[in-house]
Amino acid sequence: MSSDAPVAEIPGDTRRDRIVDDLRVHLGASLLDSLVKPGDDVWVRVEASAWRRAGEVLRHDMGFDYFCFLSAIDWLPSPYGKGEDDPTEPPPERDDTIRQGYAGGQTRLQLLARVVSSTDHIGVNVKCDVSDADPSVESWIPVYAGANWHERETHEMFGIGFAGHPDLRNMYLPTEFEGHPLRKDFPLLARMVKPWPGIVDVEPLPGGGDDEEGEGE
Amino acid sequence: MNALLAADLPYWAQSLLRVLGGVVAVLLPAGTIVYVFLFKMMSFMQSRLGPMEAGPYGSLQLFAEVGKWLQKEDITPERADRFIFKIAPLVVLTSTFLLVAVVPFGPDAWFTNFEAGVFYMLAVSSVSVLGILIAGWSSANKYSLLGGLRAAGQLIAYELPMVLAVVGVIIQAGTMNLQEIVVSQNAGEIFGWNGLGNPFLLTQIIGFVIFMIAVQAELTQTPFDMPIAESELVSGYMTEYSGFRFLTFFIAEFATAGVFSLIASVLFLGGWGIPFSWFGWSGIDDVDNWMNVVGPLIMVTKMLLLSFVIMWVRFSYPRFREDQLQRFAWKVLVPVSLVNIMVTAILKVAF
Amino acid sequence: MTSTESLLDRRQMAYIAAQASDARVNVELETEGMTLNIGPQHPATHGTLRIIARLDGEQVVWAEPSCGYMHRGYEKLTEVRTYPQVTALINRIDWLGSFANEVPFILAAEKLMGIEAPPRAQWIRTILFELSRIANVSLFLGDLGVQLGAVTPVFMAFRDREYVLNLIEGATGGRFHPNFDRIGGLKDDLPAGFIDETRVVMKKLRNFCDEIENLLFGNEIFQSRTRGIGVIPKDIALQYGLSGANLRASGVDWDLRRDQRLPMAWDKIDWKVWTHPDGDSFARCWIRLQEVRESTRIVDQLLDGIPSGPVMAKVPRIIKVPEGEAWVSTENPLGEMGYYVVSKGELGPFRTKIRSASFNNISIVPWVLKGVYVPDIITILASLYFILGDIDR
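Protein chains in written order, with the working numbering: chain A, 137 to 353; chain B, 27 to 377; chain C, -5 to 387.
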């Protein structure tokens, strides 16, 4: 009931390269881009129309049977910065060009899922562009049943729809909540209500102002 | 001294004494069990001290607790069946008082000397089920309802092994009078040797074990506490009770534990008596009057001993599941007790 | 109206009446299901998880957890924090094993920066990681008893967990939320006497494990309550992303401490990964018991071989993490806990996906609760072992 298997020799590039090659064989042109970091991780980007197909290929044909997580990334730089702006000043100029990360991309919203093989413990990060106009892909539930809650969460937080999901109810927020909190253009209200004091770590006493110290008590 | 104890009291005084005695006989075991076992013994078993502040070694904690419960608001849920909800704890407590009425504490220290005592005892002990069931139903709470139904199912399942376990004692003693059962144990002899009397514990050990298991279930103590089940049903039928009514349930729970220990000691451990041969008594009429004082003390000792076992099991075991309990009751306890009755009857005829 | 017609009418009326009365009897006899709300305030949900169960008698027809009562929005909050500030937040995810939450995030940041903590820091990290596992899982072992109705084990668990918390407090200054891990190493070295003290405590913890094994795991009632209850087969467990002891109890031999290369000290010592083929509640509990034992052994070995040297690598005062993406996960007390950190070369992360173990572990609940009895809901929830902060983040 126990095992003393030695530390698995982590395969180098060849194994990870082969993953990408296999995926290209199965998915063809739907595999848009890939990145292999030797000894570290694999990133692939597929077309939105091939999202479920990619899941099926990974699970059934390539043995990635462990579903790790599914989420999304909003590549839009936050229009609010870190929420540290002084509201009395005009808003500062910000670079709002969208730069996608590993394995590239064309859209602002990207799906990100990670599946792992339970035998050789190598994972693949699968990315997928979803269009701003109709952010929707096919659900992964028929492939990985555990995607259910992750898709609900992603739907709630990013507003990405999943066709074929049985119930995309909100998990955390009230049903009538408007907006998608993890999108970058959704302001962090706590920082908006009261401006972040920034590097000032001690607030002046209310009414204290310029008065001489040691006067009261 | 003897004259005082044997004094002829008028009927009203005797009745008053018995009522007071009954109250003491119910509340004293409850208080003792709660303090000695629930507060202290449980704490020591769990590597902690238990209450230490109220009185020496926390001995007055009980009064503090009672005071606390009495101060609390008596809440009735809005949709509860108010009348039934309110009387349910009293029904449970009443069953305890009815139970103690047949327990003999000494040669003359009994509340009522009832010929069919065992029969009566088994009958009224199931009245508490009624209280629990109506408490669960009237609370207008799903947890309470589940708890009440579990209690009903469980207590019915355990009534039978309890009855069957006692049948062995009845066969051996040849009577259903609890007083005579005590006498027959203390006046008895084991193959001609009467140094110990003949406590039925020795001959009815199977019956005793089954009886104690059934008592454990009857009291809804762990491992049979599914009707209460804090972690599942949030105290089951007691969920909606607060203040005085919860206190009543609480007292009834531990008072019943005490009373059942008393009954078990009467049925199996020789009750109030000491082996009659020690003092050369041959029957109930020879017993000296001082036994009316010593008898209750012996009873309390035996009660503490048996309650200790009940509580020990309670603190150590996890809880059965309802269906496992039913299976255990019907497939193990009932057949074993039937075999026990058969063997007892055959041996009774043989010797 | 002719007589035949009226006769027909009357017959018809009688027939309809009979049907109606039949229907009424049927309606009266038909039992209705009951919806039971377990939580948000319920002793078995240790926190504010709510489980809506549709019951037929005591049998669960359908059950669905409803979480989010404790959602704190950490993924959003990390976007406005700097890297060193984030550890104060993620401490609160799995609050029983806080230190273990910090490690994968710090490792992810280090991976992006291309630095590694000095060996001594790695070993101390591993020691504290295992101590927080012990603190977490030993409480699970006690709590398990309470869920099944045995009150005593939880007090033993609290008693012995206290020693471990004292150790963590001695080393880090915080009992629950150490916030001790820094990018590039640790805030401080170990205090004097820590090693001797830890050895004594590890011995106590092994005794505690024996006690629990005798008191609980050897108990017939405990076994009958847990064996064969809530069986999760291997492929289902993998599909749902179960991790940690839950996955190993389904017979998958996979431990992230052993199966991936991390700058930690696990690969430098000799230890064992426990698996169990059954996949039921008993297996999950048993695996956790063995893991506490194994952790005490790991800590003992680490104490023997702890290297000397600094506990902090050379890092700039103001930490800027280069642009990139990194995924690091570790085998936390509850299972696989990972952070997908996206950096844009600024002071704080651009996006952090927090992959917490309990979220996946609990997502299997609707599947596994089908057809069980109400008491088994409690057993299964207890054996899956979740912490609310870890579900809701």
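In short, the hints are calculated from the structure, not lab data.
Model, not experiment: these values are computed from the prediction.
All residues carry an ideal CB built from backbone N, CA and C; glycine is no exception.
Treat the hints with care, as some may be off.
[Claimed, not checked] From the structure, some residues in chain A lie toward chain C, with a derived Cβ separation under 8 Å:
| # | residue |
| --- | --- |
| 1 | D158 |
| 2 | R160 |
| 3 | D177 |
| 4 | H196 |
| 5 | I209 |
| 6 | G237 |
| 7 | G240 |
| 8 | T243 |
| 9 | N261 |
| 10 | A281 |
| 11 | W285 |
| 12 | F313 |
[To be verified] Residues of chain C placed beyond 10 Å of chain A at every Cβ, according to the derived structure:
| # | residue |
| --- | --- |
| 13 | V74 |
| 14 | I300 |
| 15 | W361 |
How the hints compare with the structure:
Evaluation of the D158(A) hint against chain C yields a violated restraint, the C-beta minimum of about 20 Å exceeding 8 Å. Look at R160(A): its Cβ only gets to about 21 Å from chain C, farther than 8 Å, so that hint breaks. Given hint, D177(A) at the interface with chain C, holds; its Cβ is 6 Å from that chain's nearest Cβ, closer than 8 Å. Because the closest C-beta pair between H196(A) and chain C is about 12 Å apart, greater than 8 Å, the hint is violated.
The restraint placing I209(A) at the interface with chain C holds, with a minimum CB-CB distance near 5 Å, inside the 8 Å limit. At a threshold of 8 Å, the smallest CB-CB gap from G237(A) to chain C is about 5 Å, leaving the interface hint in force. Given the 8 Å rule on beta carbons, the hint for G240(A) is violated: about 12 Å separates it from the nearest Cβ of chain C. Hint on T243(A) is violated. Least Cβ distance to chain C is approximately 15 Å, over the 8 Å limit.
A least Cβ separation of about 7 Å between N261(A) and chain C falls short of the 8 Å threshold, and the interface hint therefore holds. Taking 8 Å as the C-beta cut-off, the interface hint given for A281(A) holds, the closest approach to chain C being about 5 Å. Annotation: interface hint on W285(A) holds; nearest CB of chain C at approximately 4 Å, less than 8 Å. Hint status for F313(A): violated, given a least beta-carbon distance of 11 Å to chain C, over 8 Å.
Interface exclusion of V74(C) from chain A breaks down, the closest Cβ pair being 5 Å apart, not more than 10 Å. The Cβ of I300(C) lies farther than 10 Å from every Cβ of chain A, with a closest approach of about 20 Å, so its non-interface assignment holds. For W361(C), the shortest C-beta to C-beta distance to chain A comes to about 7 Å, within the 10 Å cut-off, and the non-interface label is violated.
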